[in-house]
Every structure is written in C-alpha cells, then in structure tokens.
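Engineer: Just need the whole structure built from these sequences, with the hints factored in.
Spelled out from the first residue to the last, the chains are:
Protein chains: 2
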Amino acid sequence: MTYAKRDFPLHAVRQHLETGPIILITSQHGSRSNIMTLGWHTMLQFSPALVGCYIWEGNESRDLIQRSGECVINVPTAEIADQVVEIGNRHARDGDKFEATGLTRRSGKVVAAPLLDECYASFECRLYDDAMVANYGFFIWEVLKAHVASVEAPRTLHYRGNGTFMAAGRELSFTERFRPENL
Amino acid sequence: MTYAKRDFPLHAVRQHLETGPIILITSQHGSRSNIMTLGWHTMLQFSPALVGCYIWEGNESRDLIQRSGECVINVPTAEIADQVVEIGNRHARDGDKFEATGLTRRSGKVVAAPLLDECYASFECRLYDDAMVANYGFFIWEVLKAHVASVEAPRTLHYRGNGTFMAAGRELSFTERFRPENL
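Protein sequence lines correspond, in order, to chains A and B.
Heads up: the first sequence runs through residues 1 to 183, numbered per the UniProt record's numbering.
Heads up: the second sequence runs through residues 1 to 183, numbered per the UniProt record's numbering.
Some hints could be false.
Note that the list lumps identical chains together, so a pair holds whenever it fits in one copy or between two copies.
Stated by the list, open to error - As a list, the in silico SDA-like pairs of lysine to any residue whose alpha-carbon atoms are at most 25 Å apart:
(1) K145 x S33
(2) K145 x G161
(3) K145 x A12
(4) K145 x R106
(5) K109 x R179
(6) K109 x P9
(7) K109 x D82
(8) K145 x N135
(9) K145 x F46
(10) K5 x A134
(11) K109 x E18
(12) K5 x G161
(13) K145 x R179
(14) K5 x N162
(15) K145 x R160
(16) K145 x H29
(17) K145 x E86
(18) K5 x T164
(19) K145 x N89
(20) K145 x E118
(21) K5 x G58
(22) K5 x R179
(23) K145 x N162
Think of the hints as simulated: they come from the structure by calculation, not from any bench.
Model, not experiment: these values are computed from the prediction.
Structural biologist: This is the structure we're talking about:
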C-alpha cells in the first residue's frame with residue numbers, strides 16, 4: 001500500500017514523531033543512497049521544527065548523511081513491518097535496500113534523499129547542528145518540508161528490543177481536560 | 001494500582017524508553033519536590049545508559065532539576081492516564097502535585113527525588129552532560145539505578161498532541177528474523 005501525502009504544517013510535526021515510532025531514514029549523496037531504521041530520536045523544538053537523532057558511527061548510512069548534510073525521516077506502520085525488519089537486519093553490502101524491500105522512492109522538494117511512498121509521513125531534513133555528533137552521534141535536524149497522508153490512527157511501530165515491536169494501540173482523548181495553552 | 005519493582009539491568013533500560021512513552025519526571029531539591037510530564041526524550045547510549053530529555057525553561061521542575069542535578073524518570077501506563085493529564089495541566093502554584101494526584105512517593109537508592117509506586121518502571125538519574133542545556137534545553141542523564149516491575153506488555157501512553165494519547169498496542173515479534181548481533 002502506498003500513501004498520497006500532502007503538505008503538512010511544520011509546527012505540527014511533533015504529532016507524528018513524539019509518540020516514539022521506529023523511523024526509516026533515507027539518505028542520498030551523489031549516486032549513492034541508503035535506508036536505515038532508527039528508534040533513538042526526539043523532538044527538540046516546535047519552530048523551526050527540530051528533531052534530534054542518534055546515529056551509530058558503524059551505520060552505513062552515516063557517511064551519506066554526513067556528506068550530504070541531509071536526510072528524509074519516513075514513518076512506517078505495521079503494514080510494512082516485514083520490510084522494516086529487513087532493512088534493520090541487512091547490510092548495504094548485501095545489495096540495494098530499496099530493491100530488496102520493494103519500497104518506492106519519490107523525489108522530495110528540498111533534499112536529494114528520497115521519500116518512501118509506503119510510509120504515511122515523510123519529513124525532508126537538513127542538518128541544523130552537528131555539535132553533538134563527535135561525542136554522542138547525535139544529529140540535530142531541521143524539518144524543512146513535511147509530507148503527511150491523512151491517516152486517522154497510524155499503526156506505527158515502536159521497538160522494545162529483542163526483535164519485538166509494539167504496534168500503536170487505541171486513542172485516548174483528554175482534549176477537554178487540557179488547558180488551551182497546553183494543546 | 002501500585003507495582004513492586006525489582007532491580008533491572010542498566011544496559012536494558014532501552015526496552016522501556018525507546019518506544020517513546022510519556023514519562024513522569026520527579027525532582028527534589030531540599031524540601032521542594034515536583035512532578036512533570038515529558039514526551040521529548042531519547043536513548044543516547046547503552047552503557048553507561050544515557051537518556052536525553054528536552055525540558056522547557058518555563059517548566060517549574062527545571063529549577064529543581066538543575067539545582068539538584070538529579071531526577072527520577074518514571075514510566076506511567078494507561079491505568080493512571082487521568083493523573084498524567086492532571087500533572088501536565090496543573091501549575092505547581094496550584095498546590096502539591098503528589099497530593100493532588102494521590103501518587104505514592106518511594107525513596108530511591110541513589111538520588112533524593114522520589115520513585116512513584118503507580119509507575120511500573122522508575123530510573124534514578126544523575127546529570128551527565130549539560131552542554132546542550134543553554135541552546136536546546138536538552139539534558140543528558142545517566143541512569144544510575146533501574147527499578148522495573150515484571151509487566152508483560154505495559155500499556156504505556158504516547159502523546160499525539162491536541163490532548164490525545166495513543167496507548168501501547170499489541171506486540172509483534174520478529175526475533176527469529178533478527179541477526180543475533182542486532183538483538
């Protein structure tokens with residue numbers, strides 16, 4: 001299944017990342033491209049929309065990400081759990097991950113790295129601050145362009161370790177109990 | 001409902017934080033204590049176990065956290081969603097949050113901030129690096145002691161914005177598909 005995504009307001013990006021889903025990071029530098037899975041990330045600011053990600057130095061995508069200073073954060077759901085597991089357990093030397101998983105690349109508007117059509121949300125990012133990269137492998141990204149499909153309650157994947165994921169469960173609304181300034 | 005927690009290995013803390021749950025951070029400095037809700041956090045390292053958290057400078061807990069250089073990260077579940085919402089929407093000037101919510105304080109082993117009995121996991125933390133606090137409000141914590149109750153699939157809460165949470169859903173196991181070094 002593929003998603004037709006639309007422009008999405010940057011200040012609301014948190015709605016899709018704060019829950020802590022496993023994300024698929026795509027990267028491109030020259031003719032080289034790659035996909036990686038990543039679970040260690042956090043929102044850092046609403047506007048500009050900043051996201052911090054830990055990327056292990058042994059990861060094959062890191063070189064492309066550092067050279068290009070760009071990436072796309074894609075949010076997969078349980079429908080493509082198989083491909084997410086495949087990406088996380090495959091080396092780039094085993095062959096192209098786009099081909100191996102059949103995921104569909106789509107050109108972004110701002111960065112060279114591709115969006116993935118099978119993910120309901122994709123965020124084009126540019127490196128904003130690398131001050132924490134040397135000590136912690138922590139990259140701070142600015143989301144420059146957000147693309148999100150209208151999906152009521154996306155069944156995102158959340159990694160528990162040991163090869164086990166938790167799929168997003170039911171929604172609990174407390175909107176009427178929130179102070180307006182906290183919404 | 002309260003949980004009897006046991007010592008938990010520090011290298012496995014990721015199992016309870018990587019999924020991206022809303023956490024309750026307790027703090028103590030002298031006779032002052034507080035609780036806050038927080039959703040912007042990430043694992044940063046396995047060993048020592050490092051966790052990064054964004055704490056807004058307007059947050060009333062931040063002063064206690066900075067003065068003491070300590071905190072406890074507690075992980076609540078859907079059973080206490082009401083109290084989580086109360087904590088997130090109450091000012092310290094409205095009165096003591098422990099009293100208002102009825103949550104039970106328990107002394108930790110290492111830090112002065114209290115553990116919460118109604119949370120199935122509590123992590124005693126000491127400030128490890130404040131280099132990112134001035135620019136980003138990003139605190140890097142070392143987990144010094146982990147306390148976790150044996151709960152099969154904790155129904156953690158994950159914030160979607162607009163007063164709405166996603167409760168942790170069902171487990172998907174792919175253990176047999178993982179490379180051993182990736183588990």
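Engineer: My question is about K5 and N162: at a cut-off of 25 Å on alpha-carbon distance, are they close within one copy, between copies, both, or neither?
Structural biologist: Only across copies: K5 and N162 sit 21 Å apart there, 32 Å inside one copy, limit 25 Å.
Engineer: Can you give me the call for K145 and A12, within, between, both or neither, at a CA distance of at most 25 Å?
Structural biologist: within (12 Å within a copy, 35 Å between copies)
Engineer: Please sort K145 with E86 into within, between, both or neither, judging by C-alpha distance up to 25 Å.
Structural biologist: neither (27 Å within a copy, 34 Å between copies)
Engineer: At 25 Å max between alpha carbons, let me know whether K5 reaches A134 within a copy, between copies, both or neither.
Structural biologist: neither (35 Å within a copy, 36 Å between copies)
Engineer: Between copies, within a copy, both or neither: which fits K109 and D82 at Cα up to 25 Å?
Structural biologist: neither (28 Å within a copy, 42 Å between copies)
Engineer: Is the C-alpha distance from K145 to H29 at most 25 Å within one copy, between copies, in both cases, or in neither?
Structural biologist: within (19 Å within a copy, 42 Å between copies)
Engineer: At most 25 Å between alpha carbons: which applies to K145 and R179, within, between, both or neither?
Structural biologist: The answer is neither: 29 Å in one copy and 35 Å across copies each exceed 25 Å.
Engineer: I want to check one pair: K145 and N135. Are their C-alpha atoms no more than 25 Å apart within a copy, between two copies, both, or neither?
Structural biologist: Only across copies: K145 and N135 sit 23 Å apart there, 28 Å inside one copy, limit 25 Å.
Engineer: At most 25 Å between alpha carbons: which applies to K109 and R179, within, between, both or neither?
Structural biologist: Cα proximity of K109 and R179: none, with 37 Å in one copy and 36 Å across.
Engineer: With identical chains treated as interchangeable, where does the CA-CA distance between K145 and R160 reach 25 Å or less: within a copy, between copies, both, or neither?
Structural biologist: between (29 Å within a copy, 19 Å between copies)
Engineer: Between copies, within a copy, both or neither: which fits K145 and N89 at Cα up to 25 Å?
Structural biologist: neither (29 Å within a copy, 31 Å between copies)
Engineer: Up to 25 Å between alpha-carbons, please classify K5 paired with R179: within, between, both or neither.
Structural biologist: neither (31 Å within a copy, 33 Å between copies)
Consistency with the previously given hints fails for numbers 5, 7, 10, 13, 17, 19, 21 and 22, ordered from lowest to highest.
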